[in-house]
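Protein chains: 2
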Amino acid sequence: MSKTQYLPSVDQKHRKGFQPLHSPERLLLGPGPSNAHPDVLKALSLPPIGHLDPFYVDLMSEVQQLLRYAWQTDNRLTLPMSGTGSAAMEATIANTVEPGDKVLVCINGYFGNRLADMAGRYQADVRLIEKQWGEAFSLEEIESSLIEHRPAVLAIVHAETSTGVCQPMEGIGDLCHKYDCLLLLDTVTSLGGVPLFIDSWKVDLAYSCSQKGLSCPPGLGPFTMSPRAETKLAERSGKVPNWYLDVSLLNKYWGSDRVYHHTAPVNMNFGMREALRLLAEEGLENAWNRHRTNAEKLWDGLQRIGLELLVPENLRLPTLTTVLIPEGIDGKSFCVHLLNNHGVEVGGGLGSLAGKVWRIGLMGYNSEPQNVERIINLFETELPGFRSSSEASA
Amino acid sequence: MSKTQYLPSVDQKHRKGFQPLHSPERLLLGPGPSNAHPDVLKALSLPPIGHLDPFYVDLMSEVQQLLRYAWQTDNRLTLPMSGTGSAAMEATIANTVEPGDKVLVCINGYFGNRLADMAGRYQADVRLIEKQWGEAFSLEEIESSLIEHRPAVLAIVHAETSTGVCQPMEGIGDLCHKYDCLLLLDTVTSLGGVPLFIDSWKVDLAYSCSQKGLSCPPGLGPFTMSPRAETKLAERSGKVPNWYLDVSLLNKYWGSDRVYHHTAPVNMNFGMREALRLLAEEGLENAWNRHRTNAEKLWDGLQRIGLELLVPENLRLPTLTTVLIPEGIDGKSFCVHLLNNHGVEVGGGLGSLAGKVWRIGLMGYNSEPQNVERIINLFETELPGFRSSSEASA
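Sequence order for the protein chains is H and E.
Note that the working numbering has the first sequence beginning at 1, numbered continuously upward.
Note that the working numbering has the second sequence beginning at 1, numbered continuously upward.
These are computed hints drawn from the structure, not numbers from a lab.
For chains that are exact copies, the list does not tell them apart, and a pair is met inside one copy or across any two.
Capping the alpha-carbon separation at 25 Å, the derived lysine-lysine pairs in DSS-like fashion look like this:
{"id": "1", "residue 1": "202", "residue 2": "16"}
{"id": "2", "residue 1": "297", "residue 2": "356"}
{"id": "3", "residue 1": "102", "residue 2": "239"}
As the structure is a prediction and not an experimental result, all values here were calculated from the model.
Based on the sequences and whatever the hints tell you, model everything.
Set out below in structure tokens:
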């Protein structure tokens, strides 16, 4: 061991002895993550194999095929990014936006703002259309902004996780073709839970996450890119200014060449494959109907006990419901109470809705009648007592 | 369902019915991933919890503390990036390199080239020192290049996964202080397996992966940043040109504020926490000695059966050994044979060593005497027959 003579001695300061992990039991009815399907968790814990193992290479193709089904697209560049949904969001921009490109972002919630922030980092000329949080955009509003700004990319959120609004998509793709721009769509809270048709809607770039409608833990970001968007990528004047998310490199690994790019998160992809397999087994129409039916039960139940919902019914997301926090209630404390005393997670508001709404998710594996009953029952039995104690202490 | 009347019908083309996943049993003795510890796989399959759940927030602090132990650093900005090791590699550059900054990259293998590629994407003025693959850099070579280029960052690989070289680190940090540049170190194949002292060696930026010395599946990229590197980040003139890897945002989530950035890959962090806990339980000195002892057994055994190693003993990595492929053997076919008939993965060469070496990893959970015996035994019994059949068919 002569070569280690110059080494310092090991500092034990940070060497803490922790117990093996036992996580608490939670029913996750917030904005995500949602509970994972037990079969997905089982797949996640299979022993890893090599990222170039022929078995794994076959699995990659299966994941891609099943993602195309879930998204209703034929795009060859359909794959899970090796990061969370935000990484896939960034991938849509990093690959297609060149410095100076006009990117028109529709902002009616938190995630529109994130898109605008990201586009700015890639030196886009960022233009905004803004609406109240909780509203959707009309075709007229979108068309007049397209005429005004003539952007290279229009970015819009299909399912706004911060507000619970589902953006009507009919006609937007046609407008983007008419005004020659790419359509970039956030489907984080819609994939697997809400009707979604990438090709029929003429969407050029979309991203999602693993931990909501797909019933998988967080960690992968499904990504898809149309041939039109591929052309814009191919015509870039320089390299994509992000190595990890560079689709031209990633496609050499996910495409037929199988050239090493980065070591794939093998176990997360085991889970993703199982999650997508279960969705295909159930069938998209059945999954969408299940989400819709359970959401309607939730809306009825909440309104029956006197609570109001932020979003009008025709724009309401089945996967995520925003409930107005009644006067005299400290919404955050009620969330803490539900988590600590009942093991149920419900989300608070983000951004301009902070302190004003709760966010209740019914996504993927969790969109079941017994969960609807449980959360309505908790609001019905716990909120009144909480209201008086919160008013008494005020 | 009146609002869904305009929806197209679902295309069943990509809806394939696959069987539930059963992965093959593999002993992963390539360059990584390595087999994961069974307790890590168990942790990975625990039901997810929310990324802002107080239980999860405590777990994040535990992961950070244990990473500080594993890396022997007090850096507050020590955290696992929500991507693989390559994402953490990119994070070191994205956060600290501004356009025009000189970045001096030491290239003696595949991953030095990757660092140079990434630095170029962040508009660095990239300068190179190159050596033969399989050699290490001397202090004299580094000092003369520092004098010549006066870079803002010196990037070097501690453990080159493509060659099996362990770069001697004594004195490099002092040189970087003398010439006022940050020291960026790739520790992908050293963390947990090879003596490594971030603070004593005056390293400013380092990254690693989860799937080698830590015995966790791939999917997280440990990252650490010194106060000196933090200062460079704080003094940037604009935003970090990468949203997902922006440490100034990430620190609001991992630091005391706990402000939402992205939804953490909760289950991967369950696994990481368990992996780091097991390393702390064993103790760094014991883990390093175990890797060294088993590597020496491997080297002796391979040389005993007449094989030659690429790297001289004083520079050899205990975690990854490069073996010269003898004349008359198709190295790739032998790897395929080992995988298909014996369930054992051994790596081939990358870049300028493609077709010239095999790469045998003994990392983390897999660094055990019985694995050394198995792989030596396989080379001893299978290679001669393979040699003659390969020569016969040539």
